[in-house]
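Combine the two chains into a complex, taking the hints into account.
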Amino acid sequence: MDKEKLVNEAKAVFSREDVACLIGYGKDSIGFRVSPIFIRTRDEADQLFFSPLCSLSLVNYLTLEKGVLLEGNKETGGEKIAIVARGCDSRALIQLFAERGIPREQVVILGVPCRGTIDLKKIEGKFPDARNCTEVTEAEGMYYIRFDNESHEVPKEELLADHCKHCAFPNPLVYDVLLEDLVDSKGAAYSDIEEMEKMALEERHEYWKDKFARCLRCYACRNACPLCYCDDCILERVSPQWVNRSVNLSENLMFHLARSYHLAGRCAGCGECERVCPVNLPLMLLNRKLEKDIKNIFEYTAGSNLDDKPLFASFNPKDPNDFIF
Amino acid sequence: MKLGVYICHCGVNIKANVNVAKLTKFAEQLPRVRVARDYLYMCSEPGQQLIKKDIEEHGLDRVVVAACSPRMHEITFRKALRSAGLNPHCLEIANIREQCSWVHEDRMKATQKAQKLLAAAVSKAALLEPLEEKEVEVTPAALVVGGGIAGIQAALDIADTGYKVYLVEKEPSIGGHMIQLDKTFPTLDCSACILTPKMADVGNHPNIELFSYSEVVAVKGFVGNFEVTIKKKPRYIDETKCNACGQCAQYCSIEVPDSFNLNLSKRKCIYIPFPQSVPACYVIDPDHCRYLLTRDCTQCLEVCKQGTNAIDFTQKEELVEVKVGTIVIATGYDLFDVTTKPEYGYHLYDNVITGLEFERLSNASGPTTGEIIINGKKPKDVVFIQCVGSRDKTVGNEYCSRVCCMYTAKQAHLVREKLPQATITVFYMDVRAFGKGFEEFYDRVKQEGVKYRRGNPSEVYRRGDRLVVKAEDTLQGELVEVEADLVVLASGIIPNKQTAQIASLLKLSQSPDRFLLEAHPKLRPVDSASDGIFLAGCCQGPKDIPDSVAQASAAAAKSLIPLSTGKVIIQALTSFVQESDCRGCGFCVEACPFDAIELREVKRGRRVLEVASVNEVLCKGCGVCASVCLSGAIQQKSFADRQILSMVAALGEEYA
Chain A
18 MDKEKLVNEA
28 KAVFSREDVA
38 CLIGYGKDSI
48 GFRVSPIFIR
58 TRDEADQLFF
68 SPLCSLSLVN
78 YLTLEKGVLL
88 EGNKETGGEK
98 IAIVARGCDS
108 RALIQLFAER
118 GIPREQVVIL
128 GVPCRGTIDL
138 KKIEGKFPDA
148 RNCTEVTEAE
158 GMYYIRFDNE
168 SHEVPKEELL
178 ADHCKHCAFP
188 NPLVYDVLLE
198 DLVDSKGAAY
208 SDIEEMEKMA
218 LEERHEYWKD
228 KFARCLRCYA
238 CRNACPLCYC
248 DDCILERVSP
258 QWVNRSVNLS
268 ENLMFHLARS
278 YHLAGRCAGC
288 GECERVCPVN
298 LPLMLLNRKL
308 EKDIKNIFEY
318 TAGSNLDDKP
328 LFASFNPKDP
338 NDFIF
Chain B
116 MKLGVYICHC
126 GVNIKANVNV
136 AKLTKFAEQL
146 PRVRVARDYL
156 YMCSEPGQQL
166 IKKDIEEHGL
176 DRVVVAACSP
186 RMHEITFRKA
196 LRSAGLNPHC
206 LEIANIREQC
216 SWVHEDRMKA
226 TQKAQKLLAA
236 AVSKAALLEP
246 LEEKEVEVTP
256 AALVVGGGIA
266 GIQAALDIAD
276 TGYKVYLVEK
286 EPSIGGHMIQ
296 LDKTFPTLDC
306 SACILTPKMA
316 DVGNHPNIEL
326 FSYSEVVAVK
336 GFVGNFEVTI
346 KKKPRYIDET
356 KCNACGQCAQ
366 YCSIEVPDSF
376 NLNLSKRKCI
386 YIPFPQSVPA
396 CYVIDPDHCR
406 YLLTRDCTQC
416 LEVCKQGTNA
426 IDFTQKEELV
436 EVKVGTIVIA
446 TGYDLFDVTT
456 KPEYGYHLYD
466 NVITGLEFER
476 LSNASGPTTG
486 EIIINGKKPK
496 DVVFIQCVGS
506 RDKTVGNEYC
516 SRVCCMYTAK
526 QAHLVREKLP
536 QATITVFYMD
546 VRAFGKGFEE
556 FYDRVKQEGV
566 KYRRGNPSEV
576 YRRGDRLVVK
586 AEDTLQGELV
596 EVEADLVVLA
606 SGIIPNKQTA
616 QIASLLKLSQ
626 SPDRFLLEAH
636 PKLRPVDSAS
646 DGIFLAGCCQ
656 GPKDIPDSVA
666 QASAAAAKSL
676 IPLSTGKVII
686 QALTSFVQES
696 DCRGCGFCVE
706 ACPFDAIELR
716 EVKRGRRVLE
726 VASVNEVLCK
736 GCGVCASVCL
746 SGAIQQKSFA
756 DRQILSMVAA
766 LGEEYA
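Residue numbers (this note's numbering), protein chains in the order written: chain A, 18 to 342; chain B, 116 to 771.
If we strip away everything but chain B, and leave its shape as in the complex, we get (with noise of 0.2 Å):
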């Protein structure tokens, strides 16, 4: 066994504080080193070419690079030995800048500790084994999970690209919490209109099967080749028959609150949730139809047979399967619950309505036709109030939910159109107004006079028949009352009330807010944790439509990247189960956060016994395994028990 030690000046960061002459004389006659070298920088090309050079002119079977964190340049070196003919994993790195030359000021110690770190790799490096890493094949299809717009983004992305999307969405029709909205900020366009044009694409798309009124319920796999189960939920109604003539629902009798509206009025119990639906199929509310209930109406099946004869009665839930290589979360986001804030009357008041209820209201094809009209009357004062479960610990929401600020500032700016008459009031605690164009916006909104106050209002209550919304104006320091006959409250975002099971399904983290977990905050925005599923829009914390947008393209671009070479690397360092050891016990089993292990039968003499075993393809190398092991029969490659004690026997001798 020949090693090779490279030290690494790393400029003066590693070299200030570690005697690197020393360091390298020390690596010199220490046990198998073949060769010591020093460097300015050992991750510049020359350095790697110095290892290369050694490899082939000393035939080393080993390398020790001592250096920065080997999450920095790890996969540097690797690939310099690999160039130079040895196998990848017959790299060790001592990390003698960040555990040791930047957080020592003693310079004979730090030499010390170095010495010490250095010869702990050293001993293990003695003990690597070379590792082979795997390629498997991509399933060339996507999984797009959400079908606002993030999803529908992502979709069309990867379709036009050329690769089959399965798009699945819970509700009877793609379009999420977009197609609700009335204008957009800063620009005013109708939400709709740029919305259903992307909708319509998704239908047509020959690339893009599209799941509506349907859920994934189980995800089996991993990168490149996921086994996913859809459950999709009775329309009641054939998808492919259905025209959405619309006969049906004006026999039906049944009227229920239209959910779409917020409740802010009725549909039918058959219906399909606005005109521009896509499918354009109509669907059956299970738990109102008096067919369904009772069977004691037949009105929308009489109609429909003598047209297109599409409803069916006899649908059940369907599970279907299909396998794709990558998945992209676009789950979206719920609106907080502005009852948890009781002091704003909310649940006491007609007038005090939510952000989204005014979308609604505001909105041309909303229960109003557009008009602002609350309790049969045209408000004459509206006040906004911001940051309604946003930026608020009293609620467990700390973070700003970066959509409210626009968004009523929007709406002011609609209330101002619509109802020129009206006094307008928003209180805020600072406005944010970051994006392309906000802060013109916000100063436009403040020309037409309608008055910002600073100040978190702590009451909402009635007086006479008029509401008066209480708060202190914290920039002149005086508690104030407006009265008021429309108060909109800005609710926040938070994510889909359903997002820990989506993240339970996929094995995927969650952030202390309950968004989704992206792999890293800077350089990973849109990958999840888990190889092959990236996050897109709101599921990953609040977003407004560019944002959403730019993330699903980004989401769908990252997720293009397996399909088109058509094969992932399975990553070497994985566990592995020394199996005369394994008791069968399957708590292994259970930790694993990637279902990569299971029990399997093996015959040892005349016994069967169960033992476990580790899928290397699913097998992330986290090492949870090995720490519930009680019997240590599982290990990590690379970070077995025995090279792990050999670098603890290592550090524990004292060098001069």
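Chain A with its partners taken away, still in its complex shape (with noise of 0.2 Å):
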């Protein structure tokens, strides 16, 4: 990505519209950590960079700096937030339009065209002792990588984030800038929950068991979650109680199934909770096998379309019912 052009895009929405902050990516101090940064004023925009390890979604901050217009705020005014979005994140952005989460005209997009983001997992672990990433970019399936005084060449397959290796979306679905030519789209694959669905049910089970005895209710998942912004979180719910706060196996199943259900129709894929995830656990291939059911059933694929109503907000008489009877 042309450092330049998003630096000089982002100073141009700030002399065009009345932005109160634009939330984009900047250089983290430590390795290869990206941090979210809160641009306020047009000079500030020189920290903006973009890069493959942008991997965290800018989403959720929107929806923390703004979050008091998830309840309706009418105190706001006309001050507008800027953000720079990815594909997924897009979706996120218009699954919050149509939720009437945040109003889309208070929204200034920023499109990044997106060709996968690295796992800092996988990065790190592979150079755990880098301290000063200069610079990593990406060509012809390798990405090219700098730190400290060393550059390194690493093909792409074994750094990319698992749930890029499946994106459909790489490129904004909405936007008021874009930032670069569109990328090629794969199209929808699920190889991976296929296998999942090949399992034997009991050997399922036991796949999972073994996931969520991990599990240390950190909540972070749910947290980082672009699309988890109730207040109050039936998760911490005492009366009635759905999840009891003791760490077993018992309650963390139905503290995932639960998470992950409350997303259905609504995931927008960017990955944010297997990111945070402190033991690693595959949470998107739950996300992802309730989005391919609703494809499926409903026809229906969270934030592809701005038009869209919320899939739980809305009915159509062509809707399947043959699980009434």
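Simulated from the structure, these hints should not be mistaken for laboratory data. Backbone N, C-alpha and C define an ideal beta-carbon position, used for all residues, glycine too. Please note: incorrect hints may appear among the correct ones.
Residues from chain B shown here face chain A by an in silico Cβ test under 7 Å; the list is partial [claimed, not checked]:
#1 418
#2 696
#3 700
#4 702
#5 743
#6 745
#7 758
Okay, derived cross-link-like pairs now, DSSO-like style, lysine-lysine, Cα gap no bigger than 27 Å in a straight line [as the list claims (entries may be wrong)]:
#8 A:335 <-> B:612
#9 A:226 <-> A:182
#10 B:228 <-> B:285
#11 B:438 <-> B:249
#12 B:492 <-> B:438
#13 A:335 <-> B:508
#14 A:335 <-> B:735
#15 B:249 <-> B:140
#16 A:326 <-> B:622
#17 B:735 <-> A:326
#18 B:622 <-> B:249
#19 B:117 <-> B:285
#20 B:493 <-> B:381
#21 A:139 <-> A:326
#22 A:215 <-> A:326
#23 B:735 <-> B:285
#24 B:622 <-> A:335
Encoded structure:
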């Protein structure tokens, strides 16, 4: 990504629009880490950058920054928020617009076509001692990585985040400014889910038992999710208490089922839950299984169309109802 | 909290498949249950007495009845609770008949299921809250939409009782389709002769305010307190001044097809639909008037100035607001469009006409002053084809239009009377002569030499200067071709083309045949599903005149109930909003079929937020809002999540 173009477009946004804040990516001081940065004046825009390391989604920060909007706040005035958004982020934004979390006209979207991002855990595992990353670029299936005084070439497949491998929406679906030419999309593919579906029920149960037994119940997956924004989360409610506070397999299972089901027809596929999980639970498998089923049952893909109403707030007489009997 | 449980045998309906004694023992040990009893018929007076006595003696707080569906006797038991001094909403019904004894054969398993259903009801009952039923005042006036025979009858009945009626008719005169008809079956009285006295009554009635040439454009509110916006289209003539002298029309130079005569004749651009129009006031056709289009003709204005000076080209569309307590919908029907059956050649041949066109042709006040003349000649051979657009899946109308058999018989009779030498053939599928005097009339027509042939014609085509009707006579099993110089298509009845619009305006439902849907096909045939809105005439389904009049009077009587009692009770099972959970997204506002929810600004700390707010008077407790709410903030009283979940938990238990 051409940094100059990103910075210039960001500055242009400040000149053109009444923007309170621009949320983008900035370099972190340690290793391969990238930080969300909050640009409040035109001049600060020079700090912005974008590279394959930008794997975190900024949409959650939008709801944090403007969180009050989610409750129909009437005091926000005309000030907008600008945000750098990849394909998956744009889906999360569309879903937020559809759920009336944030009005579309309050957000200025700088769209970035995305070729996939690097899984931080993978690159840190490969180069555990890297201190000061200077640059990561991508060309023809290889990542060119420079840190400290070293430079390396690594095949893209080795470092690519898992959820990016199946990405069907690399291009932003909604934007005000497009920062690069659109990239080719592979379309929806669910080979990972099909593999899982081939497992016998017992086998699948064992697989998840093994995974969920490791869960610490740190709630990071929920907190990082751009679409988990309820003030009063049912996973913390006491009456009725769906999930007990104790950390054991039974409660963990309930926690994860409730979490993923609350994203049914809503998950934008950004992979934040997986990215932040300290014990590497493959949470996107659950989310994507639901996405696949919903696509089959309701011909609906969350965040793929600005005109769609939220799946569970709409009724279509053609919806299958064979589950009733 | 003290609960009483009452288990009904329903004769043997429940007892045969459910071990009632065991169920009673089971109920006794459920939490909070103070007393459990079983009885032969709990809905009977002694059964209700059992409950009342226990409420008084044991001081029960909640009552659970295990019996039939709440649709049957919920109200009965609520009244029993009320009379014993307990809030009627402290009742929960376990349906162990329709949902258990009637549908299971294994007595042991049915008993187990009854135990679960009862345990669920008991656990919910403990969470029930007393609810208050509110009373609201009723505006002592009614709106009648549609000025055909049904609307006229309903308006007169309500007005005669002493209440104000606003009658809205979209055409320049009331009268509807009935005023276009010639004779009425089976008694052959002249349609206009029996209708015009009623129209005059409407025009003169002190309690009826007639809005002709007007449409209802908005309806807000609820039973007892509707606010209706009526759009008055400009007539360009002052109704209070026009004396219908007709001078203007004599001087008007524009002639256009006369829609009252189904375009079989011409009328002037300034016109009165028919001589007995109510109101007796001319109207200017804005699509053709030269003054209104190009301002280059003032003929009518000049002549009227010398008379009553009623013409007023400055008239504008006007919106009028009225308040009413009840509404009667009588928007009537349209004729099936026979051009959608091109095989009958209506669009090709002048001598293929519809039944309604025949009515005008045969009518003494029609374009031929009642002589049956087509293309300048009296027809020698006349063919009637029945069921055009009725009982016909190919055009999407499966229903019977209920009038065509008899109006065809009547028209055949009129042809026989006016053209004694003509041959008359009627093609029919079945003759449905079900009304009073219908069969006798049909028999009489057959005696008059009208030939009934059973068969549905496949085609009408021209041979030389004559028409040929081709059909299979299914009684004789042969193909027949009948020559004709007049073919009359008994076009069926379809809902008024604006029915969907009316339905959305008033939140009414349509049945699959697109007519307006009554609240219950047998027990509430004139009520709509919306309280305070009633249906009369063909808007609800095809009807003949006596049925329309009967339904109109019924709708009037029903609409008079709230008007005369002066108050309506608002049901208590409404939805409510847990404001702290509400995001103000407004999906509930859009989903609510009754416009009962709106977003309202509230202060929370220093923030100003929008949250949903339910108008309890409008809410019907359908629960749609709760199903679309993404954050579970909106719930229904007596069906809140915690109440339902307690039932689910109880159903999940295993009981011995």
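Quick rundown of the hints versus the structure:
About 57 Å separates the beta-carbon of residue 418 of chain B from the nearest beta-carbon of chain A, more than 7 Å, and the hint is not met. Hint status for residue 696 of chain B: holds, given a least beta-carbon distance of 6 Å to chain A, under 7 Å. Annotation: interface hint on residue 700 of chain B holds; nearest CB of chain A at approximately 4 Å, less than 7 Å. Of the supplied interface hints, the one on residue 702 of chain B holds, with its beta-carbon coming within about 4 Å of a beta-carbon of chain A, less than 7 Å.
Hint status for residue 743 of chain B: holds, given a least beta-carbon distance of 4 Å to chain A, under 7 Å. Interface restraint check for residue 745 of chain B: the shortest CB-CB distance to chain A comes to about 6 Å, inside 7 Å, so the restraint holds. At its closest, the beta carbon of residue 758 of chain B sits 11 Å from a beta carbon of chain A; the interface hint therefore is violated under the 7 Å criterion. Note on residue 335 of chain A and residue 612 of chain B: the hinted pairing holds, with a Cα-Cα distance of about 25 Å set against a maximum of 27 Å.
The suggested pairing of residue 226 of chain A with residue 182 of chain A holds, with an alpha-carbon distance near 25 Å, which does not exceed 27 Å. For the suggested pair residue 228 of chain B and residue 285 of chain B, the alpha carbons sit about 58 Å apart, so the restraint of at most 27 Å is broken. The suggested pairing of residue 438 of chain B with residue 249 of chain B holds, with an alpha-carbon distance near 21 Å, which does not exceed 27 Å. Between the alpha carbons of residue 492 of chain B and residue 438 of chain B the distance comes to roughly 55 Å, so the proposed pair goes past 27 Å and is violated.
The straight-line distance between the Cα atoms of residue 335 of chain A and residue 508 of chain B is roughly 22 Å, inside the 27 Å bound, and the hint therefore holds. With a C-alpha separation of about 26 Å, the suggested pair residue 335 of chain A and residue 735 of chain B falls inside the 27 Å cut-off, and the hint holds. A C-alpha spacing of about 39 Å is found between residue 249 of chain B and residue 140 of chain B, which places the hinted pair above 27 Å, so the restraint is violated. As the CA atoms of residue 326 of chain A and residue 622 of chain B are separated by approximately 22 Å, the hinted pair is consistent with the 27 Å bound.
Of the supplied pair hints, the one linking residue 735 of chain B and residue 326 of chain A holds, its CA atoms being roughly 25 Å apart against a limit of 27 Å. Proximity of residue 622 of chain B to residue 249 of chain B is assessed by CA-CA distance (about 22 Å); at most 27 Å being required, the pair is judged to hold. Restraint check: the Cα-Cα separation between residue 117 of chain B and residue 285 of chain B comes to about 60 Å, which exceeds 27 Å; the hinted pair is violated. Straight-line distance between C-alpha atoms of residue 493 of chain B and residue 381 of chain B comes to about 21 Å, which keeps the hinted pair within the 27 Å bound.
Of the pairs offered as hints, the one joining residue 139 of chain A and residue 326 of chain A is violated, with about 37 Å between alpha carbons and a cut-off of 27 Å exceeded. Proposed proximity of residue 215 of chain A and residue 326 of chain A is contradicted: the alpha carbons are some 33 Å apart, above 27 Å. A threshold of 27 Å between alpha carbons decides the hint, and for residue 735 of chain B with residue 285 of chain B the separation of about 31 Å lies outside it, so the pair is violated. Proposed proximity of residue 622 of chain B and residue 335 of chain A is supported: the alpha carbons are some 22 Å apart, at most 27 Å.
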